[in-house]
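Asks: If you want the building blocks of each chain, they are given just below.
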Amino acid sequence: MMNITLRIRRFNPETHDEPRYQDFVVAVEPNERILDALMRIKRFQDGTLGFRKSCAHGVCGSDAMRIDGKDRLACKTLVRDVAAKGGETILIEPLRHLPVQRDLIVDQTTFFKRYRSVKPFLINEETPKERERLQSPKERMAFDDATNCILCSACFSACPVLEENPAFLGPSAIVQAFRFLGDSRDQGFEERLPVLDAPDGVWPCQNHFECTRACPRSIKITKRINETKRMIQTYKEGSRCP
Amino acid sequence: MQHTFDAIIVGSGGSGLYAALEVSGQAKTAVLSKVYPVRSHTGAAQGGISAALGNVEEDDPQWHAFDTVKGGDYLVDQQAALLMAEEAVQAVYDLENRGLPFNRTPDGRIDQRRFGGHTRNFGEAPVRRACYAADRTGHMILQTLYQQCIKNGVHFYDEYQALDLVLEGKRCAGVVALELSTGEIHTFQAKTVLFATGGFGRMFKITSNAYANTGDGPAICARRGIPLQDMEFFQFHPTGIKGLGILISEAVRGEGGILRNSHEEQFMARYAPTLMDLAPRDMVSRAIMTEISAGLGIRGDRKIDDYVHLDATHLGKETLQSKLPDITDFCRTYLGVDPAESPIPVLPTAHYGMGGIPTDNRGQVICDNKGTLIEGLYAVGECACVSVHGANRLGTNSLLDLVVFGRRAGRHMADFVNHADQVPVPADAADFARQWISRLTDKKKGPHGGLILEKMQTAMMENIGVYRNEADMAKTVKQLETLREQYGLVRAQDRGTSFNTDLLELIELGNLADLAFITAVSALNRQESRGAHSREDYPERDDPNWLKHTLATLEGNRVKLDYKEVDVSIWTPKPRKY
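Chains A and B supply the protein sequences, listed in that same order.
With the numbering used here, the residue at position 64 of the first sequence is 64, and numbering never jumps.
With the numbering used here, the residue at position 82 of the second sequence is 82, and numbering never jumps.
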């Protein structure tokens, strides 16, 4: 065990006007998760510390936060990833571009609203010819990467474009759109076009790659955004669905 | 605040969302969820969902049903298991039609793989029955169902914690919940309420379960006098990452992975000569603990936290990457190990409650051994007990349970609301919930919830685990009595109203403590070994005395025990060999 300091940005709108930073010294093993350290603080030092968590192994997307300035999942970041030895201080802050509700808890309403706006569901009103819609392994793998998204908002926080243009659709919503645009069974390209081809749709992305670096599910987000842009261009040039 | 709906669904995992899809088109419906819906623990299910599609080799729903019954050590209600196996086929096609991206065979059909306890022709050899989407099948099911809910405009109340059930005699009138963002208590009047609150594995120290898996639905029912069924049967999944409990899917063994002891021996060959590493989970977990106590664990010190190796090195990088990518990622992240190069250190982890709220095969809650219904109240998924899993659930049957019974319950609720009236909600309906919250936040000094939780989880892990005995279980029952008394004095440090997660944790602790108590008493009572309930002092299954379901009713500081018949109308119970 070793002692590290978590310097946590605290904010309770009920009692404070401004955020402040509070240090907690906590004993950890290098192989433990940052989430384990946060739980130890919550259960044995300060019950008022607010953060979300659930699965604790990087699949539910509850505990995305900024750890030493990087957007990560607390349950998928080990102590040894951010602190080489005892005595070090790790900065813990809420995600950016979303309003803070309490400490590390942010209001994801905007994030989910943009997700919903791309119609993130299979659009195909034809009755399947057989009991299952056939799809080759190659067609299936074409959008595999995008199915990994857990809607954690890490990319939304990491995106520099959202810093300048808060109305930008954002990386995750585009990945979710791509997940269906790339699916051979889907026929919803034209239905999604008004949202994607809007001025705040796919076009503001400037290939900073910050989303790709932040994604805890290793989705090649920037690449998917560029593929989506190309699909739209191809459609507009030839007026046909990709 | 008071609301009125036709149907309220508590929980937004696979079963809750499926039910919501069925009922929301027909009736005014809302889903209450303690987490954002896409955070539910269905999303953590990995390996697959079984259905006898026969896409890659011959299969039959009868074989699937038989495997389910035998896997459950004959405590399964057989007609319910047959129904599940038969409806599985259409359920999987429905998921595909709704967009679920299953892995595919070369000819474009849903691909299928092997899983523990699933066999061809009543036990001859393993069969490829599990339909899968890489090793994130649950994630895909959860995403697909949530996507469909968005498409169909299902109304969600996100981050609402259910606190109580409103009953008028044997009729459900609504549910009481806490809005986490404001601290406000809401009463939802409803003709019908469905609990789909998931598991309660957080009563154990080492578990694959999420922090949110605190058995809120069953605990609420227990406090309202509804008995819980078969709570002594809790599954320990054989392959959790040592120390962390994070699940390593059975699909690793389905694809050919092998468990090895310190001599690098494939020890399952000695315990289950036919199915070997693909024997049911209860048998594999016992085999691992037996190897460890014989000094054949990797360290060899016979301690309870020694471990064995899950060897996937011979599967090749390509198979691991295409069929088990998340597992590969977990191993790299949490162990710094590449499963293509080194074996994975594993140990049984508390995984799945076979027991829960007793229901019929339409999800309607039953409150005694005579089939008496609580009219309008439903339960599905892990929190319910139909019972299709009996004493031990087969891998992939949990996802199947969710979609089959979620759909059945949703459809029945839609019918029910058409001919049912609202029941008036009494003015004091939220009083119990209010008193509970005000006691926890009344600014008095009280013991710390964290310590009570740790003691409970440790006692359950050590004494109500893979192997059990009278003395240890009796000690744990006593300890849980004390911890429940101490819980009565606990106070939250946080007295705020908005996002008081300290309060939330204490509510969850109360639920877990009640369920742990019922589980321990039920386990102590059952003097036989069956499925996941394995007693050192009663090592054999005892059909003459114990081929019956337990019904455990919480009555203040004690648990009253009763029994219910098992449906064995298709297959006569036989000794269970693999």
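Hints are computed from structural coordinates only; laboratory data are not their basis.
Don't take each hint at face value.
[To be verified] Derived pair list, reagent style DMTMM-like, types lysine to aspartate or glutamate, alpha-carbon separation capped at 25 Å: (1) B:Lys455 <-> A:Asp144; (2) B:Lys151 <-> A:Asp197; (3) A:Lys223 <-> A:Asp144; (4) B:Lys455 <-> A:Glu32; (5) B:Lys444 <-> A:Asp197; (6) B:Lys151 <-> A:Glu130; (7) B:Lys443 <-> A:Glu14.
[As the list claims (entries may be wrong)] Pair ranges (Cβ atoms, derived): (8) A:Pro13 <-> B:Gln2: 20 to 28 Å; (9) B:Asp305 <-> A:Pro128: 25 to 33 Å; (10) B:Leu489 <-> A:Asn3: 26 to 34 Å; (11) A:Asn3 <-> B:Asp338: 28 to 36 Å; (12) A:Trp203 <-> B:Gln79: 53 to 61 Å; (13) A:Gly69 <-> B:Thr319: 51 to 59 Å; (14) B:Arg171 <-> A:Asp17: 44 to 52 Å; (15) A:Ser184 <-> B:Asn152: 18 to 26 Å; (16) A:Asn3 <-> B:Lys370: 56 to 64 Å.
Quick reminder that beta carbons are idealized off the backbone N, C-alpha and C, glycines included.
Asks: If a hint holds in the structure, say so; if it does not, say that too.
Replies: So, going through the hints one by one against the coordinates:
1. B:Lys455 <-> A:Asp144: The hint is violated at about 43 Å.
2. B:Lys151 <-> A:Asp197: With Cα atoms ~21 Å apart, Lys151 (chain B) and Asp197 (chain A) stay inside 25 Å; holds.
3. A:Lys223 <-> A:Asp144: holds (13 Å)
4. B:Lys455 <-> A:Glu32: holds (21 Å)
5. B:Lys444 <-> A:Asp197: Roughly 58 Å between the alpha carbons, so the hint for Lys444 (chain B) and Asp197 (chain A) is violated.
6. B:Lys151 <-> A:Glu130: holds (23 Å)
7. B:Lys443 <-> A:Glu14: Holds, because 17 Å separates the two Cα atoms, which is no more than 25 Å.
8. A:Pro13 <-> B:Gln2: 20 to 28 Å: holds (27 Å)
9. B:Asp305 <-> A:Pro128: 25 to 33 Å: violated (50 Å)
10. B:Leu489 <-> A:Asn3: 26 to 34 Å: holds (31 Å)
11. A:Asn3 <-> B:Asp338: 28 to 36 Å: holds (31 Å)
12. A:Trp203 <-> B:Gln79: 53 to 61 Å: 58 Å Cβ-Cβ, so the 53 to 61 Å window holds.
13. A:Gly69 <-> B:Thr319: 51 to 59 Å: Because 38 Å falls outside the window, the suggested range is violated.
14. B:Arg171 <-> A:Asp17: 44 to 52 Å: holds (49 Å)
15. A:Ser184 <-> B:Asn152: 18 to 26 Å: holds (24 Å)
16. A:Asn3 <-> B:Lys370: 56 to 64 Å: For Lys370 (chain B) against Asn3 (chain A), whose Cβ atoms are near 60 Å apart, the range 56 to 64 Å holds.
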